[in-house]
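**Q** These are the residues of each chain, in order.
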Amino acid sequence: MIRKKKTREGAEVPSSSLADIAFLLLVFFLVVTTIDIDTGIGLVLPPPPDPEVEPPDVRERNILTVLMNERGLILINDQPAAVRDVQDLVFSHVTNRGVDPSLSESPQQAIVSVKTDRQTQYEFYIEMLDEIIGAYRSVWNSEARDLGYRDYQHYVDVNGEPNPIRREFPMNISLAEPDPGT
Amino acid sequence: MSHFKKKQASTKQEVPTTAMPDIIFILLIFFMVVTVLREVELLVRQDLTAAENIERIEEKRLVSYIYVGPEVLGPGQYGDTRVQVDDALVPANDFRSIQTVMRERRTQEPRLIVSIRSDYEAEMGIVSDIKQELRLADALRINYSTRREGGPSQ
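Those protein sequence lines, which keep their order, are chains P and X.
Residues in the first sequence are numbered from 10 upward in steps of one, following my numbering.
Residues in the second sequence are numbered from 17 upward in steps of one, following my numbering.
One chain only, chain X, in its complex shape (with noise of 0.2 Å):
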């Protein structure tokens, strides 16, 4: 007496993973090409303030960043308001050294904007010096960094 045999399915119960490497490179290259490095070290604090009218800066290349903000001493404590451009504080009454990186990038990247990126306890005075010098730099277009209001605190 014959006995029924189980129908099986002849296909196999696999997923395909042929394709996986290829799936996973082009999920690398997608976050190769995004990631930007951040080339700084931040010395002074950088809690930005929010506002809603603002615009994004869809060219990343084109901005150069100048911190404002109370200088980082140590873990929770804080010192008076610096300006930090690249990794290093520009000396506290000499702006000029501003004026002359700046003017340096317009020369090389006439489109340059530049972002100014200031802790909401920085005093208008340090700001004000800041863009009297990008002006005699001829760097003109100028960026005040905000977050987006209701957005996420940085």
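Okay, chain P solo, but in the shape it has when bound (with noise of 0.2 Å):
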């Protein structure tokens, strides 16, 4: 009687490469990849101003004027200041609480405007604006504080934003367009 053969042969596909060729991927992915991660200070501009309804009106005392020359000189209220001072005017002017006449009369209220000229430098102009962000940063660690949390950020992972935080010390920063400058 003949046998039949069992096993046949199986087509395979020689799969020693396989490591080969996945490896020169990997290199290739490797070497492209810029694993940056994307950061920077984020607003939200206001919309377009409808002709039609007019600016509200606000207290001057409510506002916080930061100007800024074309040589990055600071003014504070007519007042010159420097760029480290700014984040502790800041602070005063929201957490004042109508006690300084001449600052806000409520955090809700209190408004930070800046304005720069044309030719200010960028550099110049985002470090203020980091000083601003900094000041705020500070109002809501101190009040997460006073809740009981680590810091703010530790307050936003418990309480998601919006939160009353937030809607107590609401970040109005005004950017106003800059003059034409000299």
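In short, the hints are calculated from the structure, not lab data.
This one's a predicted model, so the numbers in the text were calculated from it and none came from an experiment.
Just so it is clear, CB atoms sit at the ideal spot from N, CA and C, and this is done for glycine as well.
Treat each hint with caution, since some may be false.
[Said to hold, decoys possible] No more than 20 Å apart at the CA atoms, straight line, and that leaves these computed lysine to aspartate or glutamate pairs for EDC-like:
hint	chain 1	residue 1	chain 2	residue 2
1	X	Lys-76	X	Glu-120
2	X	Lys-147	P	Glu-132
3	X	Lys-76	P	Glu-79
4	X	Lys-147	X	Glu-125
5	X	Lys-147	P	Glu-18
6	X	Lys-76	X	Asp-96
[Claimed, not checked] Pairwise CB distance ranges (calculated):
hint	chain 1	residue 1	chain 2	residue 2	range
7	P	Ala-91	X	Leu-89	51 to 59 Å
8	P	Arg-176	X	Glu-120	28 to 36 Å
9	X	Pro-91	P	Arg-154	29 to 37 Å
10	X	Glu-74	P	Ser-115	52 to 60 Å
11	X	Asp-38	P	Asp-97	52 to 60 Å
12	P	Thr-42	X	Met-36	18 to 26 Å
13	X	Pro-107	P	Asp-155	30 to 38 Å
14	X	Leu-43	P	Gln-117	46 to 54 Å
15	P	Ala-91	X	Met-36	54 to 62 Å
16	X	Glu-165	P	Arg-80	16 to 24 Å
17	P	Glu-177	X	Arg-77	57 to 65 Å
18	X	Leu-152	P	Asp-155	38 to 46 Å
Join the two chains into one complex using the hints; note that each chain is given alone, in its own frame.
**A** Given below as structure tokens:
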């Protein structure tokens, strides 16, 4: 009796070079990859002004005007100031609660108005904006600590956003159109 | 007389390599997912400033970039400050094309974030003009791209 061949040689695709191919691809993507996390100062612009609606009246004491000229010199409420003072001044303006008659009445009404010249360098502007946002961050941080959280980030992790702190201390930064300058 | 045979471990002293392709594939897939191929060729200098109080943009899909900086004329040579969107420079005195482009993207992706990647030497006038166009285009979420203070320069 003729025995039937039990096993036929299976048609196999040679897979020994699989690892090599994968390696090549891997190296390609390793070289090409740039894991740069985009960081920056996030802002929300106001919608374009409606000509029929008049801008709301704001009491002068509630606005902290920060002016910057083309040389990066700063004027806060008509007083010259250094960049490192900005944070403290904004902090005291926001948390004034009507104590100082020249500063804001309440945190909700407090506005920081930023204006630069057209020739102002972007670097100086960002430096100043950074300080202002830093002031708000420290306000939120101290509020969160008073509520028993580690810091504001911890508070956000628990309560999400928007949250009561953000409602009580809104970041009202007004970015005015720059002056044409000289 | 029988001599002693040195006892040898019966196990093979080889690292099993059957799982290697799998491991490499997993790494490969990771890098494929993470990779963002640089889609534009920069025509302006991008020397970003550093700031401390910054946030990360988690959803990269939502981001559109506007590049601002001195035009690169040659190695180490820079011209006037120009604005670049995608692959082309925007005409110096006519930023309306920014508005058109961004409005279109805004309709496609309502949560659009416009990242302004500006060189430290750019003048605020140009940045402000861009912002006005973005306001008109209703693309209101913006991001001033900065490096982390003390971080590596790009």
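**Q** Looking back at the numbered hints, which does the structure fail to meet, lowest number first?
**A** Violated hints (numbers, rising): 3, 5, 6, 7, 9, 10, 13 and 17; every other hint is consistent with the structure.
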